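S.K.: Please take these sequences and the hints and turn them into a complete structure.
The opening position of the sequence shown corresponds to residue 1 in this note's numbering, with each subsequent residue numbered one higher.
Hints in this document: simulated from the structure, not taken from any laboratory. All of these numbers come straight from a predicted model, not from anything done at the bench. Mixed in with the good hints there might be a few duds.
Cβ pair distances, simulated, as ranges [claimed, not checked]:
(1) E493 with D180: 34 to 44 Å
(2) S280 with A429: 36 to 46 Å
(3) G274 with D428: 42 to 52 Å
(4) A375 with T469: 49 to 59 Å
(5) A498 with E40: 33 to 43 Å
Cβ coordinates follow ideal geometry from the N, Cα and C atoms, glycine included.
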Amino acid sequence: EHRHVIDRLNVFPVPDADTGTNLFLTLDGVVTGLESVPDEMFRIATAVEHGALMSARGISGVIAAQMLRTVAERVADLDEVDGPALAEALEAATEAAYRAVSQPVEGTILTVAREAGAAAAETAGDGASLRSVLEAARGAAWDAVERTPVLLPVLHDAGVVDGGGTGFALLFDALLHVVDGRPLPQPTERWTEPAPAAVPSPGDAAGVDRNDPGRLVSPRYEVALLLRAPAGSIGALREAWDRLGDSVVVAGGDDEWTCHVHTDRPEHAVEVAGAYGGVSNARVTDLVVQTVEERGDLLEEPEASRTAAVAVGAGEGVHRLFRSLGAGVVITPGSLDPSVQELLEAVGSMPAEEVVLVSDRRGVVTAAEQAAGMADRRVAVVPTDGIAQGLAALRAFDPDTSLEDNVASMRQAADALRSGRVARAVRDAGSRLGPIREGDWLALTSEGPAAVTHDLASAGRALLERLLTDRPEIVTVIEGEDASEEVTRELVEWLQAAHPDVGVQILQGGQPVDAYVIGVE
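M.R.: This is the structure:
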């Protein structure tokens, strides 16, 4: 019930727009794993340990999972959990959480956990009951949450408390509900009063860049994965990832670890982890896109620069994705293809003397080239084969670089990405694969149809099989209007089983026609 409120809390050191969702998914995985477990402490504890390891997501989710694992380990051999046992387990869990984080920061979930554990231990020392220990821990946890903006200036500037700490404090409310029948608190927005420009930049320990609130800087990707490796190699992995990025968290034990890092080189992070053991369930999240999707007003007005970018694409989500990469967008109500006049107006609205015009469909190239020749400034066209290549090109865009250099780097980035799409046939037709019937799902690449099926998931898998060649590292799946949450889950599960060392990123494009657009780097 509180997940979306917590999602709107900016968490240091990056604006993780889904902290509440990550905590929910982490705990939901644990709960699901308990559904068929016998009512025996050891079996329950074992299930909690395994579920926490497998389900942990995001910084706060990984930290919470490590604490759950430690609590489970401490109580596994007990007949019941009383006040002193819980207090001892909470203190041990806090120590384990601090060890899991490469560079612990106060004013986060770590602070809340430490103060809750200390209060529990102090109360338990007087022989208090389980209820009294929980009351003490809860009170200390919420007091610590309220003080997180004092410890972290970035939270104070944004007018929020720490999201991970908020989620952890709610755990004590849930425990008191179970132990003593206390009512669960209702969601409240009282902790979230951000100023319009209060958006921390990823990796910016000083907090908000007030001079440029729309530009979110590196490291922009979150990489999370499971690693099977001996404990002796984890220190070396931490050091390697510390050099590669920040927000490094490695939690687990018994040669199984859940690992988390923020970096500008997600493919390299997965590759480095693979050097220390077996990688599986790799997930990649674009933190800048995630933040813009949460607060879609951030990048409406492009900043003045040497070179600007304008992107052509359909779908509200696609527009947000393009804006998150610093581009203006061409919105064409009622049509997928913009007119020359619409392209000219978009170019003319950009505060730069040079403009790169990026199209997500080669069919728009002719109109784009006509607009470039008629514009009142220098314009160059970068054609791409779909949304995925368009995003790849825009990731290489640098507003402080010349038009020529941008065109060269953007074309190179687009050409380095293999892409395809899944769409539904609107009429009967023939193909080299056989007859196509209206309503069939087509897996399409630049070479033509890769598969014709009656099933959306089958078409998605066929497209992935065609694209996943030559040591793939990152797969980006962009969901369109006709995408299905169930099919997306099937595709991700298939990917993680067939290619466990490949990172997966899911984006919401909302594009018409194509149920899925898939890019492989």
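S.K.: All the hints need checking, so say for each whether the structure fits it.
M.R.: Verification of the supplied hints:
For the pair E493 and D180, the beta carbons lie near 40 Å from each other, so the given range of 34 to 44 Å is met. S280 and A429 have their C-beta atoms about 40 Å apart, which keeps the hinted 36 to 46 Å range intact. As the Cβ distance of G274 to D428 is approximately 46 Å, the hint placing it in 42 to 52 Å holds. Take A375 and T469: their Cβ atoms lie about 39 Å apart, and the range 49 to 59 Å is violated.
A beta carbon spacing of about 36 Å between A498 and E40 agrees with the range 33 to 43 Å that was offered as a hint.
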